[in-house]
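Read off the chains here:
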Amino acid sequence: MTLTEKPQGPRTSTIPPEMRSGSLRPPLPWRRKVLLVIAAVYAVAVVWAIGRTGLSITALFEGYGDFRRLLDRMLPIEFRNLSQIIRLAFETFFMAFIGTAVAVVISVPLAFFAARNTTPSVFLSGPARGFIVAMRAIPDLIFALIFVRAIGIGVLAGILAIGLSAIGMVAKLYADAIEQIDEGPREAILATGASQVRAILTGVIPQVLPSFIGIALFRLDINFRTSTILGYVGAGGIGTLLQLYLSGLQYRKALGVVAVIVVLVLAVEFISAAIRKGILGADPHSHKRLSHRIAGLFPGGKGRGNVAAQAEAASRASFNRETLRPPWTRDRRRMAIFGWGSLAVLVYAFWSTRLSPVRLFTSFGEIFVVATRLVPRDLSWLSSVVVRGMVETFAIAIAATTIGLLISFPLAFLCARNVAPARWVYYFGRSLLVMNRALPDLIIAVLFVSAVGLGPFPGVMALSIGTVGFATKLLADSIEEVSQGPRDAVTAAGTTRLQEAFTGVSPQAMPAFVSTALYIVDINIRSSTILGIVGAGGIGFSLIQATRTLNWELVGGILILVFAMVYSIERLSGWVRKQLL
Amino acid sequence: MEAPATAAANNCGPATTAAGGSGAATTAAPNNDRADWPTKLVLAAVPAEQDAQLQESYSVTVQILSDELGIEFDFFQAADYAGVIEALIAGRVDLAQFGPFSYVIATANGAQAKPVGVMTSEKGAEPGYQSYLVARTDNSEINTLNDILGKRVCFVDPGSTSGYLLPLAGLLDQGIDPEKDTNSIFAGGHDASVLSVVNGDCDAGFAFDSMVTSLLIDRGEIEEGDVKIVWESPIIAGSPMSMRTTLPQSLQDAIEEIFLNKINVDWAAANGYCDSPDPIACSFSDEAIWGYTAKGDDFYDGIRLLCRELGAERAPSCEGI
Chain W
1 MTLTEKPQGP
11 RTSTIPPEMR
21 SGSLRPPLPW
31 RRKVLLVIAA
41 VYAVAVVWAI
51 GRTGLSITAL
61 FEGYGDFRRL
71 LDRMLPIEFR
81 NLSQIIRLAF
91 ETFFMAFIGT
101 AVAVVISVPL
111 AFFAARNTTP
121 SVFLSGPARG
131 FIVAMRAIPD
141 LIFALIFVRA
151 IGIGVLAGIL
161 AIGLSAIGMV
171 AKLYADAIEQ
181 IDEGPREAIL
191 ATGASQVRAI
201 LTGVIPQVLP
211 SFIGIALFRL
221 DINFRTSTIL
231 GYVGAGGIGT
241 LLQLYLSGLQ
251 YRKALGVVAV
261 IVVLVLAVEF
271 ISAAIRKGIL
281 GADPHSHKRL
291 SHRIAGLFPG
301 GKGRGNVAAQ
311 AEAASRASFN
321 RETLRPPWTR
331 DRRRMAIFGW
341 GSLAVLVYAF
351 WSTRLSPVRL
361 FTSFGEIFVV
371 ATRLVPRDLS
381 WLSSVVVRGM
391 VETFAIAIAA
401 TTIGLLISFP
411 LAFLCARNVA
421 PARWVYYFGR
431 SLLVMNRALP
441 DLIIAVLFVS
451 AVGLGPFPGV
461 MALSIGTVGF
471 ATKLLADSIE
481 EVSQGPRDAV
491 TAAGTTRLQE
501 AFTGVSPQAM
511 PAFVSTALYI
521 VDINIRSSTI
531 LGIVGAGGIG
541 FSLIQATRTL
551 NWELVGGILI
561 LVFAMVYSIE
571 RLSGWVRKQL
581 L
Chain D
1 MEAPATAAAN
11 NCGPATTAAG
21 GSGAATTAAP
31 NNDRADWPTK
41 LVLAAVPAEQ
51 DAQLQESYSV
61 TVQILSDELG
71 IEFDFFQAAD
81 YAGVIEALIA
91 GRVDLAQFGP
101 FSYVIATANG
111 AQAKPVGVMT
121 SEKGAEPGYQ
131 SYLVARTDNS
141 EINTLNDILG
151 KRVCFVDPGS
161 TSGYLLPLAG
171 LLDQGIDPEK
181 DTNSIFAGGH
191 DASVLSVVNG
201 DCDAGFAFDS
211 MVTSLLIDRG
221 EIEEGDVKIV
231 WESPIIAGSP
241 MSMRTTLPQS
251 LQDAIEEIFL
261 NKINVDWAAA
271 NGYCDSPDPI
281 ACSFSDEAIW
291 GYTAKGDDFY
301 DGIRLLCREL
311 GAERAPSCEG
321 I
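Taken in sequence, the protein lines are chains W and D.
As numbered in our numbering, residues 1 to 581 make up the first sequence, in order.
As numbered in our numbering, residues 1 to 321 make up the second sequence, in order.
Keep in mind that the hints are not guaranteed to be accurate.
Some chain D residues flagged as far from chain W (calculated, every beta-carbon gap over 10 Å) [said to hold, decoys possible]:
#	residue
1	Pro-38
2	Arg-92
3	Glu-126
4	Gly-170
5	Asp-177
6	Ile-235
Facing chain D, according to a computed beta carbon distance under 8 Å, are these residues of chain W, among others [to be verified]:
#	residue
7	Tyr-64
8	Asp-66
9	Thr-118
10	Val-122
11	Thr-240
12	Ser-247
13	Gly-248
14	Gln-250
15	Gly-341
16	Ser-450
17	Gly-455
18	Gly-532
19	Ile-544
20	Arg-548
Derived by calculation from the structure, the hints in this document are not laboratory data.
Beta carbons: idealized from backbone N, C-alpha and C, even for Gly.
Full structure from sequences and hints, please.
In structure tokens, the structure reads:
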């Protein structure tokens, strides 16, 4: 295959004036101009953020000795009470599993309310979207702190914290998936006189199911890792042990716990990749192909696979009710096994954490009571400390996102299956990413505090490193999705490997890159709030201290500010994305 | 917007206090040998266990220090002590205010530091605080430490002195092993421990004294008389201001002189740093204190001894002390 687009040169009469000058550059409509202005503002913001957070390369080099000395105290890793670690790790995994289930159950209806094409009314989609962003704005640690106060200590608080903060991502991605559907099947079903609900059940759900499952599995992975920090506030799981070792500065044992988590995260990732491959098709990333495959599984879908053909043949032979049901094909069996298997794990998870599902739902009432106390009555909580903290948090997030992405960009090419120079580079890179994602931000932050002192500088460094694992994975995944055609074409033209990566791969992956970058800013604003724990700057110190001292109005006030910041960036990034893609 | 500052000069805490006027430096320095003094010092604070309020704190302490020494100060706050201790070990923090157990851990991990003074609530008072065991007032079953056998008991977290180490020692003294003889739970916070008792998640719970007697009541979380105090621990050594001992000796002497003679409500009020000689008006710390009193490193030997008695098996955060 080659590039099929024909150059528009021959039709001279329609060439716009700016092209007549002989320039091959694309024209510059006002939207591109606005984007350039935004890019310029962003560049200024980065310079400001670097100044505001006091980043300094020389300080980093000067601190290398202390960094090494602390690293020597952290290594080698020690395993103490391995059986206890493993037991707690499984408890954490089950917390993450139930939390993910809670998030999915709440996210599905929420996403249908929020999605432009399925919402019953614009008056519902607005609040639904606002709620989703609010869930994303609140750090899971703060959720956990609040729930521990609201419903008491233990795994329930942890599960709810995981579940509610996951809604912010799951419901958003679900709504995006719903907005990307092919409207055909739904219109066809509506034309038969079916109700809206029925049309959604048979016309929309089958199309989005693969994405829904893929997103849920990805979130399970994230939830498992983030749940390790919840022990910090008494919300159960392996985090309790991690916090215990960190509080005694016993880094070797803490890293022993982290190592067990890495192994389990790898296992979860391996299993979920196998599930995605098994039930969603060989290429779990290609949404179109996925929905095509899945559509074939359902009557009324747009698939024209052998399933439909079989059914048609059967109905011609003789009409009986059986033929109206889809046959048990291999794919459908796999789907059923996955469905029932998940349910079994869920039941086991409830049993092993000794949590009553009823209690899960009754707790929402108690949470509501606490939530009302978070609403500030006036502005008395707004002090210069809070304003300075928010400005600093913003600066940390901008600087860390930029540095993290600069590192992630080249790394992503090495970690993408289809571009990596060698198989071992790919596997090595991917394992490093998992390790990076499992390493708690706080340990990284302490290392940098030792090297460069307290303040926002070590916060930026820790968050940059933390960003790499996540951003590189997302970027590498999108590189793996690029089409081979343009790459073959430029290779045939005699490019080097590096040139091929720039001209054959990058342009195709660019939309995904932009989305990832904007998503990372969003995440980093939230994560930068936890850095205050170790004195690495930002609003986090005030937020955590206010929660500890039960100053609910201040907690609520800060959360509103974080929400406003995340929401503005969300709106801006949504607009930028639309212009670019 | 705020101007970009020099490295780390602005922070979540009160902004850097510039060195006070021209002649300020002459007051404290016992001699003129200031050649080896750094141009800037770093003060870091972790809210100690018994802290109650979040306020624009430490501003007066930082002001007096920078005026008296003629040195600029950076001030940082952290919610947990790990970062501050590591910065102290690496010599990137010069003065650190944290809890007594943090001080013990810091010195055990190679921090070259000593206490310059310990926070005290009243002039001449012995600096320290206590741990309480509380139960619901209407719970007639729990009246002594022995009554918690077989009951659900809330501790704070395994690294807390008043929320775990001291209660553990008290229980072991009575022949009670909380792991075997009770159903013990870590509540994650002193407030959570008390609130769990009130809402019935725990039959009894440990917490530091003022959480029970004032903080939760002031905040409207519990009513006076909701809980009763079943047991009181021995006094725990109070929170030290630790100083890096690798600073020049003349500077160390000057800092010590300021903490022991000037950072107290009487001197600060007399010299115009606060409106009246009372702990609320003079914001020395995030806690309402009179000032600092002289204590040496051996003041914390009690906690070290406690740790060795408990052993790393029972109290993992005590390992290496």
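A quick look at each hint next to the structure:
1. Residue placement check: D:Pro-38 keeps its beta carbon more than 10 Å from all beta carbons of chain W (closest about 13 Å).
2. Distance to chain W contradicts D:Arg-92 as a non-interface residue, since its nearest Cβ pair spans about 4 Å, not more than 10 Å.
3. Every beta carbon of chain W lies more than 10 Å from that of D:Glu-126, the smallest distance being close to 26 Å; the non-interface claim holds.
4. Here D:Gly-170 stays apart from chain W, with its beta-carbon at least about 20 Å from theirs, past the 10 Å limit.
5. Every Cβ of chain W is farther than 10 Å from the Cβ of D:Asp-177; the closest lies at roughly 17 Å, confirming the non-interface assignment.
6. Even its closest Cβ contact with chain W, about 23 Å, leaves D:Ile-235 beyond 10 Å, as expected for a residue assigned away from the interface.
7. Checking W:Tyr-64 against chain D: minimum C-beta separation of about 11 Å lies over 8 Å; hint violated.
8. Below 8 Å, beta-carbon pairs count as interface contacts, and W:Asp-66 has one with chain D at about 4 Å; its hint therefore holds.
9. A distance limit of 8 Å between C-beta atoms decides the matter here; for W:Thr-118 the minimum to chain D is near 41 Å, and the interface restraint is violated.
10. Interface hint at W:Val-122: violated, since its Cβ lies 36 Å from the closest Cβ of chain D, which is beyond the 8 Å cut-off.
11. A cut of 8 Å between beta carbons decides the hint on W:Thr-240: the least distance to chain D is about 6 Å, and the hint holds.
12. At its closest, the beta carbon of W:Ser-247 sits 3 Å from a beta carbon of chain D; the interface hint therefore holds under the 8 Å criterion.
13. Taking 8 Å as the C-beta cut-off, the interface hint given for W:Gly-248 holds, the closest approach to chain D being about 3 Å.
14. For W:Gln-250, the interface hint holds, the least distance from its beta-carbon to any beta-carbon of chain D being 6 Å, beneath 8 Å.
15. Given hint, W:Gly-341 at the interface with chain D, is violated; its Cβ is 33 Å from that chain's nearest Cβ, farther than 8 Å.
16. Here the hint on W:Ser-450 is kept, as its CB sits about 4 Å from the closest CB of chain D, short of 8 Å.
17. The closest approach between the C-beta of W:Gly-455 and any C-beta of chain D is roughly 3 Å, which is under the 8 Å cut-off, so the hint is satisfied.
18. The beta carbon of W:Gly-532 comes within 6 Å of a beta carbon in chain D, closer than 8 Å, and the hint placing it at the interface holds.
19. Because the beta carbon of W:Ile-544 sits about 4 Å from the nearest beta carbon in chain D, less than 8 Å, this interface hint is met.
20. The restraint placing W:Arg-548 at the interface with chain D holds, with a minimum CB-CB distance near 6 Å, inside the 8 Å limit.
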